[in-house]
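Asker: The lines below spell out each chain.
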Amino acid sequence: MKRPVRDWLLGLWSVAALVYLFIPIVVVAAFSFNDPAGRFNLEWAGFTLEHWQRPFAVEGLGTAFRNSLLIAAISTALAVLLGTFMALALVRYRFVGRGPTDFFVFLPLATPEVVLGAALLGLFITMGVATGFVTVVIAHTMFNVAYVVVTIKARLQGMDTHLEEAAADLGANEWTAFRKVTLPLIAPGLAAAALLSFALSVDDFVITNFTAGQTSTFPLFIYGAARQGVPPQVNVLATILLLAVLGLMALNVLAQRRRARADGAAVEPARIAVQPGLAQ
Amino acid sequence: MGLRRRRRLTPYLLLVPGLAWLVVFYLLPSLNQLYVSLQEGNFETGYTFQWAWSTYSDAISTYDEQFLRSLRYAATATVLAFVISFPLAYFVAFKAGRFRNLLLLLIIVPFFTSYLMRTVAWQTILSDNAFVADRLRDVGLLDEDGRLLATTTAVIAGITYNFLPFMALPLYVALEKIDRRLIEAATDLYASRWQAFRRVTLPLALPGIFAGTLLTFIPAVGDFVNAQILGTSRQYMIGNVIQSKFLVVTDYPAAAALSFLLMAALLLCVFVYARVLGARNLQEAAL
Chain A
0 MKRPVRDWLL GLWSVAALVY LFIPIVVVAA FSFNDPAGRF NLEWAGFTLE HWQRPFAVEG
60 LGTAFRNSLL IAAISTALAV LLGTFMALAL VRYRFVGRGP TDFFVFLPLA TPEVVLGAAL
120 LGLFITMGVA TGFVTVVIAH TMFNVAYVVV TIKARLQGMD THLEEAAADL GANEWTAFRK
180 VTLPLIAPGL AAAALLSFAL SVDDFVITNF TAGQTSTFPL FIYGAARQGV PPQVNVLATI
240 LLLAVLGLMA LNVLAQRRRA RADGAAVEPA RIAVQPGLAQ
Chain B
0 MGLRRRRRLT PYLLLVPGLA WLVVFYLLPS LNQLYVSLQE GNFETGYTFQ WAWSTYSDAI
60 STYDEQFLRS LRYAATATVL AFVISFPLAY FVAFKAGRFR NLLLLLIIVP FFTSYLMRTV
120 AWQTILSDNA FVADRLRDVG LLDEDGRLLA TTTAVIAGIT YNFLPFMALP LYVALEKIDR
180 RLIEAATDLY ASRWQAFRRV TLPLALPGIF AGTLLTFIPA VGDFVNAQIL GTSRQYMIGN
240 VIQSKFLVVT DYPAAAALSF LLMAALLLCV FVYARVLGAR NLQEAAL
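As you go down the protein sequences, you meet chains A and B in turn.
Using numbering that gives the first Met the number 0, you'd call the opening residue of the first sequence number 0 and step up by one each time.
Using numbering that gives the first Met the number 0, you'd call the opening residue of the second sequence number 0 and step up by one each time.
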């Protein structure tokens, strides 16, 4: 008798928590259709599709958005390359200094962003490096490498090593074994890591704010606009970004399911879904 | 022989590029921070290294209020995030059945919407003439000139909101890993459901609680966006001070000292917390 009541309360609480999580997102999406009377897009004034038709109609927004996408693409590519190699070394090899390295790679994730940003800007000032596009890419690559290593490591640890050993037994050298066996097996993990890096980079405000100099990015544009009222076009672009990431996540899950079905193996969508988060 | 030597070298070759990046752009900046914090001078004439430890004592005595406020806000937000997300994670792990993956996805989605936009959205929701404030005034829960925005509550609610997924996901992962048979065994041995929860489920979920708390608390202490957008200078946290010292006032030594102190305070918190909970290795728990 008592049990269903308890489960009901638990379910109700969960629904309430999810509603809390979604309220601002719904507001962001809804206000992209708003036709605000003044500069502030704070009160609902009427429905319009105008901002969706011309999302770059605000001066500076297009450049900022393009910079964000470019920075995210470059830092993601670099981080996935550097991070995958590091994860391979940390999981597949025993060597002197492995433990400390493992801990060191994790440290950027345990450092508040404001400290990371301030420290990097301090370094650039000390070394006389002018801040701008390149320094933002450097900073984003730095924290993305840490996230990539964590994500790929999780993937590698859950992987069967027998296949790699079989490849080695059959005479494949390390590079061939990696290319033909390991790489296809960790591909979904790579995709998840790349997606996470891209999303983190596009969304990063704090570290970018310290390292961007005169360069504008999408979050910096939003921050600048927040004081005078964020134009609805920003809501449009934020909604598009969310939809794009969701779409890519769904594709990654689908691709894995199809492959798993082809392999006749059981698939664990939960793990794939969680992977973009921090946990394994 | 040649092959074996190559194999011994392989891990180092794989590590070097990424490690070099982290050493130059993470470790070096951190050490440089210490160096900058001990400099003296001003922006016009330049700063020189002086072993100026007074910067630290000045920083503490001037900004102790913001420091303590940051710790207080972050602790409150972390507790709130735990209270909100533990039942949620429990529900998803044990009760959601075939909706489990969908619910997980729903928890992650906010993570992929612009952090600033979500905070700006809260600004919209809580603003003085918006729906929520109006209704609360109607039912008398808010004074005629009472505000939701620009209050301590708004800032803490914003921080709680923004870092909630960092709490919910590790909790879920830890709960999901628990072998159900252990809980069944406890009830078979005449433990009440509450006893089984307290003596079996909760201890087994500890790594998740540990990871979630750290992953929420650390970014929350350093946050300044919520205080900036949802609060006023009366809610400013240490992050606001570091940000303005560095980017507006250009008092680099003070900013570096504050940032170093923040890091030290956090490491101390993490250390004490780890000792209390008895976790052997921070990384093991967090990842």
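Treat the hints loosely; a few may be bogus.
Label-pair distances were calculated between CB atoms; the ranges are [to be verified]:
| no. | chain 1 | residue 1 | chain 2 | residue 2 | range |
| --- | --- | --- | --- | --- | --- |
| 1 | A | 80 | B | 128 | 44 to 52 angstroms |
| 2 | A | 245 | B | 19 | 45 to 53 angstroms |
| 3 | A | 245 | B | 64 | 52 to 60 angstroms |
| 4 | A | 259 | B | 19 | 36 to 44 angstroms |
| 5 | B | 249 | A | 59 | 39 to 47 angstroms |
| 6 | A | 227 | B | 243 | 16 to 24 angstroms |
| 7 | A | 18 | B | 152 | 15 to 23 angstroms |
| 8 | A | 182 | B | 44 | 39 to 47 angstroms |
| 9 | A | 103 | B | 145 | 47 to 55 angstroms |
| 10 | A | 175 | B | 249 | 28 to 36 angstroms |
| 11 | B | 275 | A | 21 | 29 to 37 angstroms |
Keep in mind that the hints were calculated from the coordinates and are not lab data.
Note that the coordinates shown come from a computational prediction; the quantities given were computed from them, not determined experimentally.
Where is the CB? At the ideal position from N, CA and C, for every residue including glycine.
Asker: All the hints need checking, so say for each whether the structure fits it.
Answerer: Evaluated hints:
1. Take residue 80/A and residue 128/B: their Cβ atoms lie about 51 angstroms apart, and the range 44 to 52 angstroms holds.
2. Between residue 245/A and residue 19/B the Cβ separation comes to about 35 angstroms, which falls outside the hinted range of 45 to 53 angstroms.
3. Distance hint check: the CB atoms of residue 245/A and residue 64/B are about 42 angstroms apart, inconsistent with the given range 52 to 60 angstroms.
4. For residue 259/A and residue 19/B, the Cβ-Cβ distance of about 37 angstroms falls inside the hinted range of 36 to 44 angstroms, so the restraint holds.
5. A hinted range of 39 to 47 angstroms for the beta carbons of residue 249/B and residue 59/A is inconsistent with their spacing of about 25 angstroms.
6. One distance hint, 16 to 24 angstroms for the beta-carbon pair residue 227/A and residue 243/B, holds here, with the actual separation near 19 angstroms.
7. Between residue 18/A and residue 152/B the beta carbons are some 19 angstroms apart, a value that agrees with the proposed interval 15 to 23 angstroms.
8. A beta carbon spacing of about 55 angstroms between residue 182/A and residue 44/B contradicts the range 39 to 47 angstroms that was offered as a hint.
9. A C-beta distance of roughly 49 angstroms is found between residue 103/A and residue 145/B, which places it inside the suggested range of 47 to 55 angstroms.
10. Take residue 175/A and residue 249/B: their Cβ atoms lie about 54 angstroms apart, and the range 28 to 36 angstroms is violated.
11. Roughly 35 angstroms separates the CB atoms of residue 275/B and residue 21/A, a value that falls within the hinted 29 to 37 angstroms.
When each numbered hint is compared with the structure, violations occur for hints 2, 3, 5, 8 and 10.
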